[in-house]
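Chain residues, written in single-letter form:
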Amino acid sequence: AQSVTQLGSHVSVSEGALVLLRCNYSSSVPPYLFWYVQYPNQGLQLLLKYTTGATLVKGINGFEAEFKKSETSFHLTKPSAHMSDAAEYFCAVSVQRTNAGKSTFGDGTTLTVKP
Amino acid sequence: DVKVTQSSRYLVKRTGEKVFLECVQDMDHENMFWYRQDPGLGLRLIYFSYDVKMKEKGDIPEGYSVSREKKERFSLILESASTNQTSMYLCASSTILAGYFQYFGPGTRLTVT
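Respectively, the protein sequence lines represent chains V and Z.
So the first sequence is numbered by this note's numbering: it starts at 2 and just counts up by one.
So the second sequence is numbered by this note's numbering: it starts at 207 and just counts up by one.
Hints are supplied without guarantee of correctness; some may be wrong.
Claimed, not checked - Below, simulated DSSO-like cross-link-like pairs (lysine-lysine); rule was C-alpha separation at most 27 angstroms, straight line:
| no. | chain 1 | residue 1 | chain 2 | residue 2 |
| --- | --- | --- | --- | --- |
| 1 | Z | K261 | Z | K209 |
| 2 | Z | K259 | Z | K209 |
| 3 | V | K50 | Z | K219 |
| 4 | V | K50 | Z | K224 |
| 5 | Z | K259 | V | K59 |
Keep in mind that the hints were calculated from the coordinates and are not lab data.
Let the sequences and hints guide you as you build the complete structure.
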């Protein structure tokens, strides 16, 4: 079985501050890990993904995440927040090659960016 | 550019009506998914399909059915709509060739009155 826990349903940062959104997963096999972003009244779009290889993954809009197997974590960071980063962020885990790559999603973290 | 489209952005139906939500993807993806999204509950998987005419139940299939007669199209059916099915419905598709990440449609906000 696979599961995802996002720590903190709401995170607030000032513009220009570091963004850190936390995600921990559990999986009995090597996982694929994803971060998605959702802007109001839109579907989700992929920010970045980890499948295999390099554990530090860079995504769109200056975001990156590091896969830490020993900590079962995949935290999302961005050095300097912009107002346009305000959105809801979802971490997801997928077990490789089974169940159509069905993903399990975290409950989401709403990021607020204060001017 | 890859695309997942959903037949309606907003839909209002009456209790007891049969409701069809359509999803089409143009990427030749083998996998398609239907989720509902409610505040505080995240995304919950209703049904998914890994091939034409193949389907599997997700976490909350009760009150829903699906149809996949063609690879590009995945339909969600509410047999008899109820007020507790008022929600945002999201369709997604994926392929093993792209590492299983999911492309999402814009969503359909369904209100059942």
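The hints, checked one at a time:
1. K261(Z) / K209(Z): holds (22 angstroms)
2. K259(Z) / K209(Z): The given pair, whose Cα atoms are some 21 angstroms apart, holds under the 27 angstroms limit.
3. K50(V) / K219(Z): It is violated: about 38 angstroms lies between the C-alpha atoms, which goes past 27 angstroms.
4. K50(V) / K224(Z): With Cα atoms ~38 angstroms apart, K50(V) and K224(Z) exceed 27 angstroms; violated.
5. K259(Z) / K59(V): Not OK: K259(Z) and K59(V) at ~37 angstroms, beyond 27 angstroms, violated.
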